[in-house]
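Chemist: Sequence:
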Amino acid sequence: MSMLTKSLPDYVMVDDKKYKINTDFKVWLSIESIIFDSTLSIAKKMSKVISLCYIELPPTLEDALCQIIKFFMHSDEIKDVSESNISGGKRSFSFEQDAPYIYCAFLKDYGIDLLKCDMHWWVFLDLFKGLGSDNRIMEIIKYRTMDLSKIKNKEERAFYLRQKKRYELPDTRCDEEKERDFELGLEMLF
1 MSMLTKSLPD YVMVDDKKYK INTDFKVWLS IESIIFDSTL SIAKKMSKVI
51 SLCYIELPPT LEDALCQIIK FFMHSDEIKD VSESNISGGK RSFSFEQDAP
101 YIYCAFLKDY GIDLLKCDMH WWVFLDLFKG LGSDNRIMEI IKYRTMDLSK
151 IKNKEERAFY LRQKKRYELP DTRCDEEKER DFELGLEMLF
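Take 1 as the starting number for the sequence shown in this note's numbering and just add one per residue.
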């Protein structure tokens with residue numbers, strides 16, 4: 001769906017019925033925090049996300065959650081929730097931890113004060129994707145996603161390694177996810 005030709009949705013379809021949802025970007029930023037909160041169980045995460053999103057609760061919770069994930073990803077396909085935010089197994093940005101940089105970038109590029117505006121989640125995502133490369137947040141994402149193995153110059157590689165460590169996001173994976181990723185890493189070596 002093109003946002004330029006159709007109204008942005010304020011609902012999702014569950015069991016062939018429209019269910020109104022909260023589309024405010026601040027709610028969805030909270031949802032990202034919930035999704036990556038390693039202290040919460042999966043059940044607690046699902047409960048919090050569903051209660052934040054839906055105005056009226058659909059009867060089929062599994063489908064309700066699938067539709068929320070699609071809306072969150074601004075996609076018709078369900079992917080790993082973090083897939084578009086991950087490079088090399090690590091998150092490239094965090095709306096929560098990078099909030100000051102994102103706030104400044106929106107103010108600089110668009111003149112939008114995120115603290116004083118209402119905005120549809122999809123509009124926020126599209127504007128975020130369109131931020132100029134001269135913004136600090138984009139520079140930080142570049143550091144986090146830099147493939148150091150492709151940098152031949154020792155001093156340059158050391159610089160990017162320092163920047164990578166400086167802006168590294170905390171590892172929010174649970175122990176099972178860390179173990180799975182470790183096993184996958186080992187498999188790739190052999």
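Simulated from the structure, these hints should not be mistaken for lab results. Check the hints yourself; a few may be wrong.
As the list claims (entries may be wrong) - Listed next, the in silico DSS-like pairs over lysine-lysine satisfying Cα-Cα at most 30 Å (straight line): (1) 6 with 44; (2) 150 with 90; (3) 26 with 142; (4) 48 with 20; (5) 116 with 152; (6) 17 with 48; (7) 90 with 18; (8) 129 with 6; (9) 20 with 164; (10) 142 with 154.
Chemist: Each hint needs a verdict: does it hold in this structure or not?
Modeler: Here is how each hint holds up against the structure:
1. 6 with 44: The given pair, whose Cα atoms are some 35 Å apart, is violated under the 30 Å limit.
2. 150 with 90: At roughly 18 Å apart (the allowed maximum being 30 Å), residue 90 and residue 150 satisfy the hint.
3. 26 with 142: At roughly 25 Å apart (the allowed maximum being 30 Å), residue 142 and residue 26 satisfy the hint.
4. 48 with 20: 17 Å, holds
5. 116 with 152: 46 Å, violated
6. 17 with 48: 22 Å, holds
7. 90 with 18: Violated, at about 35 Å.
8. 129 with 6: Holds, because 20 Å separates the two Cα atoms, which is no more than 30 Å.
9. 20 with 164: Distance of about 41 Å is beyond 30 Å: violated.
10. 142 with 154: Distance of about 18 Å is within 30 Å: holds.
Of the numbered hints stated above, those contradicted by the structure are hints 1, 5, 7, 9, listed in ascending order.
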